[in-house]
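Q: Let's have the full structure, built from the sequences with the hints guiding it.
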Amino acid sequence: MLSNALIQGASRGIGLQMCRYLLEKQTKVIATCRDPSNALELSKLQNQYGDLLKVFRLDVQNETQIEDLSAQLGDQKLDLLINCAGMLHPSGKAETSLRDVNLSDVSATMKTNAIGPLLMAKHFGSNLSKRNKTANPAKRTKSSTETGDMDTKFVKVAGIIVNMSARVGSISDNWLGGWYSYRMSKAALNMATKNISIELGRKSVICISLHPGTVSTDLSSLYIKNMDPAKLFTPEFSVDCLMKIIHSLELKDNGKFFAWDGKEIQW
Numbered sequence: 003m004l005s006n007a008l009i010q011g012a013s014r015g016i017g018l019q020m021c022r023y024l025l026e027k028q029t030k031v032i033a034t035c036r037d038p039s040n041a042l043e044l045s046k047l048q049n050q051y052g053d054l055l056k057v058f059r060l061d062v063q064n065e066t067q068i069e070d071l072s073a074q075l076g077d078q079k080l081d082l083l084i085n086c087a088g089m090l091h092p093s094g095k096a097e098t099s100l101r102d103v104n105l106s107d108v109s110a111t112m113k114t115n116a117i118g119p120l121l122m123a124k125h126f127g128s129n130l131s132k133r134n135k136t137a138n139p140a141k142r143t144k145s146s147t148e149t150g151d152m153d154t155k156f157v158k159v160a161g162i163i164v165n166m167s168a169r170v171g172s173i174s175d176n177w178l179g180g181w182y183s184y185r186m187s188k189a190a191l192n193m194a195t196k197n198i199s200i201e202l203g204r205k206s207v208i209c210i211s212l213h214p215g216t217v218s219t220d221l222s223s224l225y226i227k228n229m230d231p232a233k234l235f236t237p238e239f240s241v242d243c244l245m246k247i248i249h250s251l252e253l254k255d256n257g258k259f260f261a262w263d264g265k266e267i268q269w
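All residue numbers for the sequence shown refer to the numbering used here, where the first residue is 3 and numbers rise by one.
Keep in mind that the hints are not guaranteed to be accurate.
FRET-style restraints, in silico, Cβ to Cβ [claimed, not checked]:
#, residue 1, residue 2, range
1, K265, K95, 27 to 35 Å
2, A73, M3, 22 to 30 Å
3, L100, E26, 28 to 36 Å
4, S250, S99, 37 to 45 Å
Think of the hints as simulated: they come from the structure by calculation, not from any bench. Note that CB positions come from ideal geometry on N, CA and C, so glycine has one too.
A: Structure (structure tokens):
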């Protein structure tokens with residue numbers, strides 16, 4: 003059961019829909035965004051759900067703000083952290099050639115898409131690893147039983163970190179090139195996912211990357227104009243698919259990269 007969730011980048015798109023989904027399930031949600039005063043949809047959800055939803059100002063490029071939120075939460079237990087804030091490119095249009103690349107834009111994209119989620123794991127990892135009596139027991143696996151690495155009969159999933167990645171961050175699946183800043187940032191995020199899964203996995207925290215599909219959001223608005231509408235997802239459909247994956251996670255899934263349909267993506 004997911005009792006307490008932290009959604010980073012919650013004012014619109016997938017992050018906002020994650021809030022709606024979890025609140026409908028009566029999960030307590032801590033939502034963050036850069037400017038709560040302009041987050042009108044989050045404000046509506048606050049009016050609807052009251053104390054179930056808390057909204058905080060947080061820019062993932064600002065570690066001081068992350069530290070401040072961590073201090074406010076103290077040792078509060080978290081069951082789920084979803085890192086949703088994302089940037090295609092500061093200009094809104096991804097690079098198609100090396101000629102378009104510059105240090106400032108690559109750095110800004112990396113800070114939001116890769117470094118931000120890493121800092122969130124740094125500051126809230128202890129909240130996720132904190133034991134919860136209602137956590138679901140991990141299922142016994144043949145490998146763990148044979149090797150004696152852990153007795154899964156007694157091991158429970160302490161918490162879950164979900165990093166919202168993208169298929170274009172897969173190195174082995176890159177056949178078209180381009181989109182330098184975005185591809186590099188998502189590949190870096192995937193490496194962060196793997197590293198986090200190893201370190202926090204020792205405390206039974208699962209960390210995965212998810213590809214939400216091509217979703218109609220502000221981030222994708224410039225490049226979906228000529229897409230087949232049948233291949234374009236609504237935030238509602240995408241989040242329903244992603245939450246099915248999250249609810250089904252077991253310890254053996256730790257450190258993996260999944261698409262919206264539950265199929266594993268190669269790094």
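Q: Does the beta carbon distance between S250 and S99 stay inside 37 to 45 Å, or does it fall outside?
A: 41 Å, holds
Q: Does the Cβ pair A73, M3 satisfy 22 to 30 Å?
A: 27 Å, holds
Q: Given the hint of 27 to 35 Å, check if K265 and K95 actually sit that far apart at their C-beta atoms.
A: 29 Å, holds
Q: Cβ-Cβ distance between L100 and E26: within 28 to 36 Å?
A: Check failed, 46 Å falls outside 28 to 36 Å.
Against the hints set out earlier in the document, a violation occurs for number 3 only.
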